[in-house]
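As you go down the protein sequences, you meet chains B and R in turn. As numbered in the numbering used here, residues 40 to 405 make up the first sequence, in order. As numbered in the numbering used here, residues 40 to 405 make up the second sequence, in order.
These are computed hints drawn from the structure, not numbers from a lab. Be careful, since some hints might not be right.
[What the hints assert, rightly or not] Not the full set, but computed from the structure, chain B residues with beta-carbon under 10 angstroms of chain R: (1) V66; (2) D305; (3) Q308; (4) T310; (5) L318; (6) G329; (7) E330.
For glycine and all other residues, C-beta sits at the position ideal for the given N, C-alpha and C.
Number of protein chains: 2
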Amino acid sequence: MAVIGGSVIGLACAWSAARTKLATEVVIYEPDESGPDGVPAAAAAWVAGGMLAPFSEAWPGEEAVFALGVDSLRRWPDMLDALEPYVPPGPPVRTATHTHMLAVDEADARDLDMAMEWAARQPDSTDADLRRITRRELREAEPSLARVARAAYRMDSEGAVDNRVLLAALTRACRAEGVRWVRSAVTSLDDVDADRIVLAAGSGSAELAGLPVRPVKGEVLRLRARPGCEDPPRGVVRAFVRGRPLYLVPRDGGLVVGATQYEHGDDRQVTVAGVRDLLADAETIFPGIGEYELAEAIAGLRPMSPDNLPFLGADPTGPRVIHATGHGRNGIALTPVTVAAVWAALHAVRGPAAARAAAPDRFARG
Amino acid sequence: MAVIGGSVIGLACAWSAARTKLATEVVIYEPDESGPDGVPAAAAAWVAGGMLAPFSEAWPGEEAVFALGVDSLRRWPDMLDALEPYVPPGPPVRTATHTHMLAVDEADARDLDMAMEWAARQPDSTDADLRRITRRELREAEPSLARVARAAYRMDSEGAVDNRVLLAALTRACRAEGVRWVRSAVTSLDDVDADRIVLAAGSGSAELAGLPVRPVKGEVLRLRARPGCEDPPRGVVRAFVRGRPLYLVPRDGGLVVGATQYEHGDDRQVTVAGVRDLLADAETIFPGIGEYELAEAIAGLRPMSPDNLPFLGADPTGPRVIHATGHGRNGIALTPVTVAAVWAALHAVRGPAAARAAAPDRFARG
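Please model the complete structure; the sequences and the hints are all you need to start from.
Dropping the structure here:
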């Protein structure tokens, strides 16, 4: 079996296939080995915030996206347990176990209330998943934030993983199960010598399989705490500031600030304007940020689909190629449900119900 | 002969000694070979803007600093000519041949006029070195700048060099003259097996020779032009913005923006606040900056002395050790006069008159 693409989705699918003895040989095709331990540092997952956040990303009309995200969120504890033996010494995979979501101005607060009321009405939501909180509750939970929230919510089932620790753990898990890597680029699926192919090539999937996946650039900053600086937030903090979405995600010794969004094609340069806006918006929410070290400013290409759902399942032309791509901003969050959907497709059994809306033939049907 | 420190001052002094056959063997002690071609990328010169700017840095009361800077500026053309054979293929050493200096608010404009009137009265100044210009003249010379100047000056004898090309050329020049490198740190001058020692260890000089040199951190940004973005300024642009000094220095395909200044000791981390302020101040002067790539944000330690003059000449205890350190923000600008002063000290002849104020015993005298 061949897996095209060795970032988070490809690694997780390869590991799943290898540990369940689905194939005698599992090979990952991934030319990029520029990160530590050979992980692909040009991939979107290397840049990502790593939030597991279907509730705080809920948006009316995106019922299928929401259901897929909630399904995947419920699968994360099992995946973390299974990965535990492979986590390298150092910080853990999980870096946060809740989210606070806030809005700074009146218009943003109205939008936030509207979206959260919609999310609360969805069949998969529970009271533990999201609730509106008072400003006093927010202050007590996250005392380092500025007192600028007009509306605030808390999500107790959400959280975040350290994207780089996750990639390292998945790499070690794959190695332990005998997965092999081929360090060359695949330019046509016809060239791949394998009975079954899992396509997990992110924004490279458009060219390989004719899927409507486009690259959307996102910039993030990685900050490190310096002696004497304000403690970072305890959990994930998301906000709308001046109409722009912002997140602060805890990391061992620091935090990740994101993210901008541009439709610029294949462009991974960090711009002055992107950094300027992220710093200004982050400082509005968390004034202590000025004393942090700006350790990295990086950009990644998110593989976006037209309806914000990924492509999960067999190619319309036949069962040789299984798609696991087009995850947009949610590649890490959707990894467990993607693994389940791919496993089902490889066995030709029914996969997760929530993954049906992500069938690869949905744009061809009409 | 041993040269302690292999950044711009050490390289230039070693090259001078080797090409004039001053010693049968010239050895540079420099443990840091982290930059391309083995240049020391942790040194202040790797981070520097590379401005040659005694007029735009003039400040009343600093007569000796000014005279030393003007002396060095007049020596730069000869040094560039001598270096020419060693410049690697690619961009030239010299990246700008004039400076515009401007002030944004009334208080800054008053200070600027006061400083420039003082500079114009100094014996070494000529009309070609600095003149007040109108806003219209500034617009014609630098059309991409915002129209925010309350006062503006033009310096036609100033300019800038590309600090990294300069380091590469000096390294090649040293190699061509047979200079050797020892890649270990010197912790005591007593351990150095050489008749003569040139101490060019920057902020490391305090510990080695008991000189009052302290590290002052400075952050700079390196920006690269992206397709369709506004052209960078044609020459060096310096300004006072919100009371803070700012410079924009052209580089091949981009520009350098600097610089912050902190008395934080041995700290080379880039801070969020530093980047935020540099971006905001730069955008005030040059609004097109938002579309540039933020290619690097880096910090260096400038070796500052109490009176902003370097230490040039023999140690008070005897002629074995020649000091060439404590150049503060002006290590690159003062390289030619430093080479001349060191060469004179090694030959026990009179050096440049302007270098006398930089005698190493000046704080011990009283």
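Okay, the hints, checked on the actual structure:
{"no.": "1", "hint": "V66", "verdict": "36 angstroms, violated"}
{"no.": "2", "hint": "D305", "verdict": "13 angstroms, violated"}
{"no.": "3", "hint": "Q308", "verdict": "4 angstroms, holds"}
{"no.": "4", "hint": "T310", "verdict": "6 angstroms, holds"}
{"no.": "5", "hint": "L318", "verdict": "5 angstroms, holds"}
{"no.": "6", "hint": "G329", "verdict": "3 angstroms, holds"}
{"no.": "7", "hint": "E330", "verdict": "6 angstroms, holds"}
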